[in-house]
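K.L.:
Take a look at the letters that make up each chain.
There are 2 protein chains.
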Amino acid sequence: MGSIDNFMELNVSELNEHYVRLKEKYDEYKSQNLNLDMSRGKPCSEQLDLSRDMLDILKSDEDYRAKDGTDYLNYGGLDGIPEAKELFSQVLEVSTKEIIIGGNSSLNMMHDTIARAMLHGVYGGESPWGKLPVVKFLCPSPGYDRHFAICELFNIEMITVDMLSTGPDMDTIEKLVSEDDSIKGIWCVPKYSNPDGITYSDQTVDRLAQMNTKASDFRIFWDDAYTVHHLTEKADQLKNIFAACKSAGNPHRVLMYSSTSKITFPGSGIAMMAASEENLNFFRKQLSIQTIGPDKLNQLRHVRFLKDMDNLKVHMEKHAAIIKPKFSMVLNKLESELGRKNIASWNEPKGGYFISLNTLNGCARDVINMAAEVGVKLTKAGATYPYGKDPRDRNIRIAPTLPSIEELEKAIEVLCLCVQLVSIEKILSEK
Amino acid sequence: MGSIDNFMELNVSELNEHYVRLKEKYDEYKSQNLNLDMSRGKPCSEQLDLSRDMLDILKSDEDYRAKDGTDYLNYGGLDGIPEAKELFSQVLEVSTKEIIIGGNSSLNMMHDTIARAMLHGVYGGESPWGKLPVVKFLCPSPGYDRHFAICELFNIEMITVDMLSTGPDMDTIEKLVSEDDSIKGIWCVPKYSNPDGITYSDQTVDRLAQMNTKASDFRIFWDDAYTVHHLTEKADQLKNIFAACKSAGNPHRVLMYSSTSKITFPGSGIAMMAASEENLNFFRKQLSIQTIGPDKLNQLRHVRFLKDMDNLKVHMEKHAAIIKPKFSMVLNKLESELGRKNIASWNEPKGGYFISLNTLNGCARDVINMAAEVGVKLTKAGATYPYGKDPRDRNIRIAPTLPSIEELEKAIEVLCLCVQLVSIEKILSEK
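These protein sequences, in sequence, are chains G and V.
When the first sequence is numbered by my numbering, its final residue is 418 and no position is left out of the sequence of numbers.
When the second sequence is numbered by my numbering, its final residue is 418 and no position is left out of the sequence of numbers.
Chain G with its partners taken away, still in its complex shape (with noise of 0.2 Å):
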């Protein structure tokens, strides 16, 4: 069989014909019995290898008492200790004053901060937003199912916002924010995005930090999970927002967020969270109710690892080169595959742990399902989208770093496959 170009200019025999081939191939892999899973951003056994010296390096004969005498085996210390302040916040390019390093999980931190803004408000604000009759959040789509999650939790209502190449669609958003002060918040992983792989540019950044909100209270959750996790040499560089903020006179606005998830173990990493001080000052007050604080020794292990940003930079680099060559092959057979079929468009992302693939509208949900019916597991259809409803229904999100290459390669295809028998359908439905 010849190679084939777009699909859109083959009639409706040759569709046919090319349906039928391709068919006979999916029906092989049917018989394979295959069990491979693309659904979520988690990183491979060899990832979780770089870490391991973190589990043992404190040593049982070893001293824990800080310079201030705080003994970190005992409790004490409610917002991190001051070493991974130290690291942490150089990682989110603050100071140490605007950081809180907490416990394993930035989700946590973020819908901890949406619970205590529905029970309490925050800093600066009029009325717990729970006490209001409508709270908005804006969701820049595609983006993370686990947002959207805690907003529907806490019945807050979504907006879709489009994402652009240069991050979320900022016409929209700022004629939206200016009009509507129920809009409270806006959901942004600003940094080689999920599932988009973009980073924001300035113009964007700027615009977040300078718009008019009717809102005044309204806060951006500044989700900057991938800010290390580069895959290229030349890393993209995304503008401090923060520092905006404090040039555009609205300090408060942002709650930036990162944790080690994906640097030392999931699960097992720490988390943290950036802001002006009057922020954290207001969280701190509820955090000494709700805990005595944090894990310290977790902290300290992962500075004692770490160390500081020139070592977590050559870490970083062994992850890329562990995961780069997932995503060369998974973009190279998209390329062979689906390239030039007109069919299907997808994202080379320079970091983060995604590739976001677009199909024919209407045909995402449809190829979802049968790459599951032969074993290949893929992103809930819809996920990346407020509601679980993805509108165009037509964007999968491929999470390359768990399987094997030669696993991935094989759930490629499949996708692939099931890419172009789903559009042959839908071209020859609409004919």
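Hints are computed from structural coordinates only; laboratory data are not their basis.
Any given hint could be a false lead.
Remember, identical chains collapse to one label, so a pair may be satisfied in a single copy or spanning two.
To be verified - Pairs of lysine-lysine, BS3-like flavour, derived with a Cα cap of 25 Å: (1) 272 to 367; (2) 376 to 272; (3) 54 to 364; (4) 364 to 272; (5) 118 to 272; (6) 300 to 84; (7) 418 to 328.
Please build the complex by placing chain V on the supplied structure of chain G, with the hints as guidance.
P.N.:
Only chain V this time, still in chain G's reference frame:
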């Protein structure tokens, strides 16, 4: 100076004479610039040393895959690893299906339970508590200040209930809960209670399990913090309230909490919650939005280190061997300095972390301030009561574990001096 008996039988000049002698001693301490802290129930460094082997018990070259293939180094596992459920379900005398193992803080779990109840209600409840005009909690007192702080944070009205030698005053409780459906919960530290060291009697447990509550969604917050923290060989036995609740047809009434904060490392322990499967499933739904999961590695560290119930018992005996002499010294000193003087009473706990001292009515705040003036820090006056207000101003919580025995001896001498001085002032003012 001979031994002085009952202060109540001394005349004015005897009291004055005694006051002058005690004041001289007090002033001597003033010149010593003491800095002693009996304010919080923190383990001492010898106790922390008992768990040092846990620090590097997970080796860098080992495999951390569970039987079911879960890699404990990676994401996964919302509610605790099976090994931890296995061990700690025995501690709380529940089944492995009736326990969730979480992060490093049971306080955090309790806080979050109430935050969820405010926002979403509880299993089987008709309404989020936060939507009700008023929510009330029963607070057996003296009790744990951090429980009361959670109520204050959520604007939950606290009703003080007296502690008796058998636990909280059940006559009062039964009456209150049967009449008022805005009473949604009760805080209990049922074993070696904070600060009284009282273990609830079987009858108290049964009455709590069986009583008629006007609120159908009433919950007992059962903070079993000191369940294995015995000071004597003959440990107190606490009746299993969960079993009692099931027998009484109220299986969803109780939510049990505990942690290893005072077993291994405070701040780096693991926390747990036990309840009916229906209660836990209700929580899990929300938990799955809040976090991807707890720190599985720290759970594994604990299981590897504590091993099983027999070994846990041996471990706790080592704790007891370190802190029992401190408790004995305090009790002996209280007896020799204050015994028979009729100005103070105290408990003799068989476990837990505190000695609860009651002065004459109206004296505790002055005693605590007077001790602070010479550098002896005690738990804040009133802290053991809701809103920080001890209605009789008489309760002082002594936390003897952290200081060395020499420091402790000095601190208790100061405390006993202050109790006598303030008592004499009080008696004289009433003559």
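K.L.:
Find the hints from earlier in the document that the structure breaks and name them by number, from lowest to highest.
P.N.:
Of the numbered hints given earlier, the structure breaks none, since each of them holds.
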